[in-house]
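Taken in sequence, the protein lines are chains A and B. With the first letter of the first sequence counted as 1, position 146 gets the number 145 in numbering that gives the first Met the number 0; the numbers rise by one all the way through. With the first letter of the second sequence counted as 1, position 80 gets the number 79 in numbering that gives the first Met the number 0; the numbers rise by one all the way through.
Mixed in with the good hints, there may be bad ones.
In silico BS3-like cross-links for lysine-lysine, where the CA-CA straight-line distance does not exceed 25 angstroms [what the hints assert, rightly or not]:
#1 Lys149(A) to Lys85(B)
#2 Lys82(B) to Lys95(B)
#3 Lys72(B) to Lys46(B)
#4 Lys57(B) to Lys95(B)
#5 Lys46(B) to Lys95(B)
#6 Lys82(B) to Lys149(A)
FYI, nobody ran anything at the bench for these hints, they're computed from the structure.
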Amino acid sequence: METLPSMWRTELLHPLFVHFPIVLLIFATLALLVVRLNIFPNHKRSIRTAGLIMLFPGVILAWISVYTGTLADGVVAREICDPTVLEDHERFAFLTSYLFSAAAVIELTDLLFKRKMWFTRIRKMLVVFVLILQLGGMATVGYVGHLGAKLVYQQSAAVYQPSEDCSEFE
Amino acid sequence: MIFAAILLGASSCGGGTDVVESGSYEGTISEVNADEQEIYVGTADDKTLELYFTDSTKLVRGGSPVDFSVLEKNQKVEVTVEKVGKRLNPLKVEIK
């Protein structure tokens with residue numbers, strides 16, 4: 000009789016982490032957009048703070064997801080029928096992480112040096128740059144998610160196939 | 000426009016690999032990933048093959064089997080691959 004595989008397989012660490020940065024980084028970008036478009040002028044400050052609270056852990060979790068994804072890659076690349084999708088998934092995941100990391104570094108610099116004279120001169124330009132980085136990151140995070148879904152739902156990446164008679168569940 | 004530019008830029012960046020028909024190919028190892036037992040081989044016609052070793056992959060030098068750890072960048076190899084879907088299974092890797 001077959002036995003059910005463990006839920007603590009190396010390749011399953013990736014789905015454990017990956018959904019956090021997807022949500023955090025998308026909502027961090029939406030918060031930034033709300034602030035820049037001045038949609039709720041009375042709540043601008045608190046929305047910006049909320050956006051930053053989502054951005055920083057989102058970036059850390061994005062890199063953890065890249066790392067766990069690399070671990071999963073070594074397992075599933077030998078099993079799936081089209082590893083080129085996996086490669087694109089990995090490439091766009093790196094790009095997403097770099098875009099949001101750059102945005103986070105600029106935001107952190109802004110928090111630390113916003114009162115310095117030299118920084119105020121470039122601040123307006125950086126504000127636009129951060130928005131572009133995060134909007135770009137939001138696009139790529141969507142595409143990375145789409146490729147991840149293709150790997151799971153079209154190629155069963157890391158998915159256990161139960162036996163025909165389901166005996167392992169008895 | 001931002002989205003399109005970023006997606007286009009990323010997709011046109013290097014690092015892509017190629018899928019070839021089953022057969023033997025001569026080339027040079029461009030990268031060795033020992034953790035994942037994986038190598039990248041650049042062929043003479045400018046294609047990059049990403050090969051994940053399996054239990055059935057034979058690795059030989061001078062007709063004798065050798066360990067994965069002997070593989071290194073810039074080594075000349077002849078690889079025999081089997082195309083399954085778009086996956087390349089390395090059946091044999093011979094170090095030249």
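Hint by hint, here is what the structure shows:
no., hint, result
1, Lys149(A) to Lys85(B), "14 angstroms, holds"
2, Lys82(B) to Lys95(B), "23 angstroms, holds"
3, Lys72(B) to Lys46(B), "16 angstroms, holds"
4, Lys57(B) to Lys95(B), "14 angstroms, holds"
5, Lys46(B) to Lys95(B), "19 angstroms, holds"
6, Lys82(B) to Lys149(A), "20 angstroms, holds"
No hint from the list above goes unmet by this structure.
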